[in-house]
Amino acid sequence: MAKGNDILKDRKEFICYKSQKEEGSIKCEKDSVAGSVSQRACVYCGARVVLNPITDAFHIVHGPIGCAAYTWDIRGSLSSGSEIYRNSFSTDLREHDVVFGGEKKLTGAIDEIVDKYKPKLIFVYATCIVGVIGDDIDAVCKMAEKKYGIRVIPVKSSGFAGNKSMGYRAAGKALLKLMGDDLPEKEKGINFLGDFNLAGEMWIITGYLRSIGINVIAKITGDSTYKEILEAPKASFNIVQCAGSMTSLAKEMEKKYNIPFVKVSFFGFEDTCTSILTIAQRYGDKEMIKRAEKLINSEKAKYGLKISALRERLKGKKAAIYVGGGFKAISLIKQFNDLGIKSVVVGTQTGRKDEYEVLKSISDEGTVILDDTNPAELEKFIKEKEADLLVGGVKERPLAYKLGLAFCDHNHERKHPLCGFEGALNFAKELDLTVNSPVWEFVKSS
Amino acid sequence: MLDYTPKEYVNRKGLVINPAKTCQPVGAMYAALGIHKCLPHSHGSQGCCAYHRKFLTRNFRDPVMSSTSSFTEGSSVFGGGSNLKTSIKNVFTIYDPDVIAVHTTCLSETIGDDVPTYVMQAKVPEGKIVIHANTPSYKGSHITGFLNMVKGMVNYLAQNTEKPNGKINVIPGFVNPSDMREIKRILKEMGAEFIMFPDTSGVLDTPVTGKYEMYPKGGAKVEDIKDSGNSLATVSLGRFASSDGAFELEKKCKVPPKVLKTPIGIKATDEFLMEVSNVTGKDIPEEIEEERGQVIDVMVDCHYHYHGKKVAISGDPDIVIGLTEFAISMGMIPKYVLTGTPEKAFEKEIEEMLEEAGVEGKVKSGGDLFTLHQWMKEEPVDIMLGTTHSKYIARAEDVPFVRIGFPILDRSVHSYMPIVGYKGAMRIIELISNALLDRQDRDALDEDLELIM
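Line by line, the protein sequences give chains A and B. At position 183 of the first sequence (counting the first as 1) the number is 183 in the working numbering, and the numbers step up by one without a gap. At position 205 of the second sequence (counting the first as 1) the number is 205 in the working numbering, and the numbers step up by one without a gap.
Please keep in mind that the hints were generated in silico from the structure rather than gathered at the bench. Be aware that a few hints might be false.
Pairs of lysine to aspartate or glutamate residues, derived as EDC-like cross-links and limited to a Cα-Cα distance of at most 16 angstroms, are as follows [stated by the list, open to error]: (1) B:Lys139 - A:Glu95; (2) B:Lys211 - A:Asp111; (3) A:Lys380 - B:Asp3; (4) B:Lys13 - A:Glu231; (5) A:Lys116 - B:Asp3; (6) B:Lys211 - A:Glu95; (7) A:Lys186 - A:Glu95; (8) B:Lys13 - A:Glu365; (9) A:Lys116 - B:Glu213; (10) B:Lys7 - A:Asp115; (11) B:Lys13 - A:Glu386; (12) B:Lys391 - A:Asp73; (13) B:Lys211 - A:Glu103.
If we strip away everything but chain A, and leave its shape as in the complex, we get:
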């Protein structure tokens, strides 16, 4: 455990308490302090999680084996077609390649994939050492495109170049490259950016949209395909959910293809209703808005009572939140409010300044807000604030359990869709399953 209540001096500015009196703001969007037990990942990680859900793409990780091994089929995004993206392809660079360069091996790897699978699209990820050893992956990819007449897109994702957000931007660049430079004729329809179809979430939302008459052109990137991404420039506007990973791409698409975007969120009743109505108003006529309202009412009727019943079992509990992006933290606070749960600790890995402002404004007095925290800090504030449950990712789960805290994975390992109306019910069910489990009685008595 960390010494007493010490917070590393350099970390102080990354933490704040919500207070009416104080106007101070949190420091964020900085690199982790060297020597911290940071929960953060790297550029490659960010790029990979964004591009991986494209189901018929081949993802070749150019580097030593680790980066491929750690990302093999871990994202949990589902496919309605190809499953090839769930395999792991790597050049497995060895010492010889580090000395003499890995371009030949990469070329060979592409040749072998083309030979075996006749792919349409290959992503080549450059990991940490690729830049250092001087491999020109742009040239290798270009040559392969020429030779085979397929798309081979380099993804510049050397881990040291920054954190996950940088990786999101690298992925965005790769997608733009794929979409091409032509301005196609517009088609009435939208692209959905920033849902990765974890546990089938993309299908729920596109289901809502199609049922009120909205044409979804490209899903970016959950359950998407090569062909679908190519269609994206035709859309009349983009809706953007995971703002952290997708805002930069949305802005670029606006510049390049004249596609404006609106931010949406489908987590929780409130956000889902607002988002559906916003999209309908922007897209259609009075009839469409009517259909949207009808959908909302019927879904609310279908799930509302069930959620209310669970609310009775959850209200009064206190939650700690530690998630990747600011957008999700904001959604979670709202959902917890709906369920009568107080958010007492809120942190993100890569939240932006504007998101932290929103977080602060919707938090209760005394709530602790953290940027890029570490286990010692998390533990300190969880205890200080007497939280009953933690929402986080892989590394936070055992920490919560050791503290005798309930846990809900709102990351890659979620087992049920948590978005939309039925997702709101699933979320409440999952919380109930963990918070009200009899197991915590054993923990208290031990």
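Guided by the hints, dock chain B onto chain A, whose structure is given.
Below, chain B without anything else, positioned relative to chain A:
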């Protein structure tokens, strides 16, 4: 459809598909967690550290702590020296471990960081220790990383002070905390005085107390690792993960090494116990002989479940060697034996075993699961033993599957149940037998369903 493996064997030069290994640093991190009050430190980009912690967390379902040098563009150009020195200062200030165990990554190796010098130059508070191991990700595998970190422990810590301690050193290899715990139990039963390192029992299999301990009770004590230079002998279990530590102890402290197999199955456990008995002069107690007798009793009871069954075995080299030897002694036919770790010596050792048993099997080191799958498409087997990632193959080929080795990501409790020693042998028999019988039950027609099997 999840199955994209063609039957026709294709030679591959540039491409690894569905790896059966991962990189050195994660093995080094795991080894370092086996020192009491040690914080592993990853000298590279922050993503490495995050991935390794996730990987270990998913397997052990316990918190895994490690700090990172958080490389930036600047450090990759100018070197990571200042990052490492700042890290060492920060880690001791806030996390207060007794030991920091630094391992390198592909990046810090490629840019040529001189870690030993940085460590020497770092300001280390009195009574605290920093050790390091070079673990370039582009050499060997996670097993090599474990090997190198254990060697680093000996390098930095072990001393021959010419005060013989009458103890036996045991290096347990890359096995679960449960296995390390079981090896210690056996040694205690024998009345042997021992030093075991690394030791992740009590670190990655801790009980829930409602309190989070960044440094749990377990782990090898630094003073014990220091004292290992005064021991009678070192027994290293599993040559690929453990031998270098023993050799280093010989070189540095003149402690004679003995490299044995990971004690999986009767024969390898016998050899381990005999060696302990030889070194310490202790007899094998009745309780342990009873355990041995019980395993053989179980093997007699269910030999007809698995005798003659063809098995595919994959995973880390030391575990796979142990499993192959045991499978042969159970009368099974190891048709395919594969490890991802690139070590030709592995192939030789398995080939000799197969030849002696008169089994024609395919053997590969530095292989991937795509190759294993292709073999299985050519000619199927009756059962697979392997890590979680083999489940795609087991499903595609509809073969009974026993999860064993590292990592297991889709089941729990494995890190609490040993596979070594006689108790471990009994568990392996139960797993294999049950998998085969479950399949028989599943496939049986109504009229063929048997109550007594």
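Proposed proximity, Asp115 of chain A with Lys7 of chain B (alpha carbon, max 16 angstroms): holds (14 angstroms)
Pair hint outcome, Lys211 of chain B versus Glu103 of chain A [Cα-Cα no greater than 16 angstroms]: Violated. Lys211 of chain B to Glu103 of chain A sits at ~51 angstroms, over the 16 angstroms cutoff.
16 angstroms Cα cutoff - pair Lys13 of chain B, Glu386 of chain A: Not satisfied, since the Cα-Cα distance of roughly 56 angstroms exceeds 16 angstroms.
Hinted pair Lys13 of chain B and Glu231 of chain A, Cα distance within 16 angstroms: Given that 16 angstroms is the threshold and the Cα spacing comes to 35 angstroms, the pair is violated.
Restraint check for Lys380 of chain A with Asp3 of chain B, where alpha carbons must lie at most 16 angstroms apart: Since the Cα atoms of Lys380 of chain A and Asp3 of chain B sit roughly 47 angstroms apart, the hinted pair is violated (cutoff 16 angstroms).
Agreement of Lys211 of chain B and Glu95 of chain A with the hint, judged by alpha carbon distance not exceeding 16 angstroms: violated (44 angstroms)
Distance restraint between Lys13 of chain B and Glu365 of chain A, which requires alpha-carbon spacing of 16 angstroms or less: violated (61 angstroms)
16 angstroms Cα cutoff - pair Lys391 of chain B, Asp73 of chain A: Answer holds: Lys391 of chain B to Asp73 of chain A is near 12 angstroms, not above 16 angstroms.
Restraint status (C-alpha distance of Lys116 of chain A to Glu213 of chain B at most 16 angstroms): violated (50 angstroms)
Straight-line alpha-carbon gap Lys186 of chain A to Glu95 of chain A, limit 16 angstroms: violated (50 angstroms)
Straight-line alpha-carbon gap Lys211 of chain B to Asp111 of chain A, limit 16 angstroms: violated (54 angstroms)
Hint consistency between Lys116 of chain A and Asp3 of chain B [alpha-carbon to alpha-carbon, up to 16 angstroms]: The hint holds at about 14 angstroms.
The structure fails to meet hints 2, 3, 4, 6, 7, 8, 9, 11 and 13 from the earlier list, while all remaining hints are met.
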